[in-house]
Amino acid sequence: MNRHLLSAADLDRADATRVLDTAAEMARLTEGRAVKKLPTLRGRTVVNLFFEDSTRTRTSFELAAKRLSADVVNFSAKGSSLSKGESLKDTALTLAAMGADGVVVRHSASGAPHRLAHSGWIRASVVNAGDGTHEHPTQALLDAYTLRRHLGELDGRRIAIVGDVLHSRVARSNVLLLTTLGAEVTLVGPPTLLPVGVEHWRCQTSYELDPVLAKSDAVMMLRVQRERMSAAYFPSAREYSRRYGLDARRFGILPEDALVLHPGPMIRGMEITADVADSERSLIVEQVTNGVYVRMAVLYLLLAGEGDVR
Amino acid sequence: MSASVSDPGPATRELSQPRAVLDADDIVRALTRIAHEIIERNRGSTDLVVLGIPSRGVPLARRLAAHITDVEGTDVPVGALDVTMYRDDLRLGPARALEHTDIPAGGVDGKVVVLVDDVLFSGRTIRAALTALDDVGRPQAVRLAVLVDRGHRELPIRADHVGKNLPTSLRESVKVLLEEVDGSDAVLLGTAKEDGR
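Here the protein sequences line up with chains A and B, keeping their order.
Here the numbering used here is used: the first residue of the first sequence is 1, the next is one more, and so on.
Here the numbering used here is used: the first residue of the second sequence is 1001, the next is one more, and so on.
Honestly, the hints are just simulated from the structure, not real lab data.
Where is the CB? At the ideal position from N, CA and C, for every residue including glycine.
One or more hints might be untrue.
[As the list claims (entries may be wrong)] Label-pair restraints from in silico Cβ distances:
#: 1; chain 1: A; residue 1: Thr289; chain 2: B; residue 2: Glu1072; range: 54 to 62 Å
#: 2; chain 1: B; residue 1: Asp1025; chain 2: A; residue 2: Arg123; range: 53 to 61 Å
#: 3; chain 1: A; residue 1: Thr17; chain 2: B; residue 2: Thr1131; range: 23 to 31 Å
#: 4; chain 1: B; residue 1: Ala1066; chain 2: A; residue 2: Ser279; range: 42 to 50 Å
#: 5; chain 1: B; residue 1: Glu1040; chain 2: A; residue 2: Gly264; range: 55 to 63 Å
#: 6; chain 1: A; residue 1: Ala97; chain 2: B; residue 2: Ala1066; range: 54 to 62 Å
#: 7; chain 1: A; residue 1: Arg281; chain 2: B; residue 2: Ala1097; range: 49 to 57 Å
#: 8; chain 1: A; residue 1: Ser279; chain 2: B; residue 2: His1036; range: 51 to 59 Å
#: 9; chain 1: A; residue 1: Gly152; chain 2: B; residue 2: Thr1131; range: 32 to 40 Å
#: 10; chain 1: B; residue 1: Gly1183; chain 2: A; residue 2: Asp210; range: 51 to 59 Å
#: 11; chain 1: A; residue 1: Arg281; chain 2: B; residue 2: His1152; range: 35 to 43 Å
Turn these sequences into a full structure, and let the hints steer you where they fit.
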């Protein structure tokens, strides 16, 4: 395994399986324990560097690092020198001077984590916590972990990813990771919200949701990322949710034991209705819990030892 | 943790051929005796929890628990306690894959925990196991059973039950083979590649 986790494509099947297996052990080591803390990363420093707003991911990384006894420093764009125009390089040099062992970075520019990892500014391991519309590998890992818990090995399993694929780093990372693990992925969305070149991705695409739902083992709904949209990609929110929202009728089309995921934050009534989001087959809350275990596994594998991961 | 045996290649001198110091029958006898010692010390099998340290401590723990069950007629909870996250040498190498931890449903609070490992050497694995156990609960007592004690302790730790005391030099390696993991039962003594670890 690499020193950094920048893309889901960095993980081959063995690496990905190692992360997921390690995450499962992390769950065993902390669930139901009086002491939910492991001493493994004592004395190591993890910096959460968030140039973009995030509650879920930053808190999840923070909790994961703390459960492993690492020291955690949070930098967020608001209220720091990051909002005063400091360059990524100067921020990186500051972090290096503070002795960071791991840097978890979220940035609105695709490729920022890659730049941070390979520029020689810092020696720390870099974990991509979401860069622009590019990738969000730990989200894909927690989705795979959640699916694997319920479906077993993912070989031949059919997963539909529905909605705003164009602006979704979650979709891109998931296509890469889930196919590495043997699953068959279908992307569903209006033509305007499927990225250019999607035909070269290792997945199917469809503009129609209903026929895909009927043969899916799990469906992952994506949020429509209004904040990244500079033009009109669909006529109205109402039309979008009529064509691509997961409501009670569509939920009925899904096979009886099919699962529903959402990376959050979700907009109830837009891409998913409240009754579906709160149904027993919706794993949206479990995804959050699993996110902590997966991030513990990633931080452990990248930071616990010296040299390459065995 | 047991030290590794070098693969005796064609060019290896005869001296470094590992030799069996315990065979399958010896191991059965040693485990039977340890099982009886545990029962005697504990005055029965009430409140006992047997925890093996991966990898080879786990099958040994299962065998010990089975022996105890045979004698006492009651099921003894048995599980596994991985100590990887608690090791003091994690920084010395690449990150290790975690082994399975499996604490029996009843937990360890107020119980007598018997830790089981294959080889007792520096004592560092046991130190890690005691720290790990701390996070699981508060046992009434912790005892240690090992198949082989090869000496060279680096910490003030001793075993309560020992299958065989095996005086070794640091240049030797001790390898325990178990049916469940290796396909056959034996304890081998060989020449270590480098420093015996």
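Hints versus structure:
Remark: the range hint 54 to 62 Å for A/Thr289 to B/Glu1072 is contradicted by a beta-carbon distance near 40 Å. About 55 Å separates the C-beta atoms of B/Asp1025 and A/Arg123, a value consistent with the hinted range of 53 to 61 Å. The hinted range of 23 to 31 Å is satisfied by A/Thr17 and B/Thr1131, whose Cβ atoms lie roughly 28 Å apart. Between B/Ala1066 and A/Ser279, the C-beta spacing of about 45 Å keeps the proposed range 42 to 50 Å intact.
Against the hinted window of 55 to 63 Å, the Cβ-Cβ separation of B/Glu1040 and A/Gly264 comes to about 58 Å, which satisfies the hint. Judged by the Cβ atoms, the range 54 to 62 Å given for A/Ala97 and B/Ala1066 holds: they are separated by roughly 58 Å. Take A/Arg281 and B/Ala1097: their Cβ atoms lie about 32 Å apart, and the range 49 to 57 Å is violated. Restraint check, A/Ser279 to B/His1036: a C-beta distance of roughly 56 Å satisfies the suggested window 51 to 59 Å.
Separation of A/Gly152 from B/Thr1131 is about 34 Å and conforms to the stated range, judged on CB atoms against 32 to 40 Å. For B/Gly1183 paired with A/Asp210, a C-beta distance near 54 Å keeps the hint of 51 to 59 Å intact. Between A/Arg281 and B/His1152 the CB atoms are about 56 Å apart, so this pair departs from the stated range of 35 to 43 Å.
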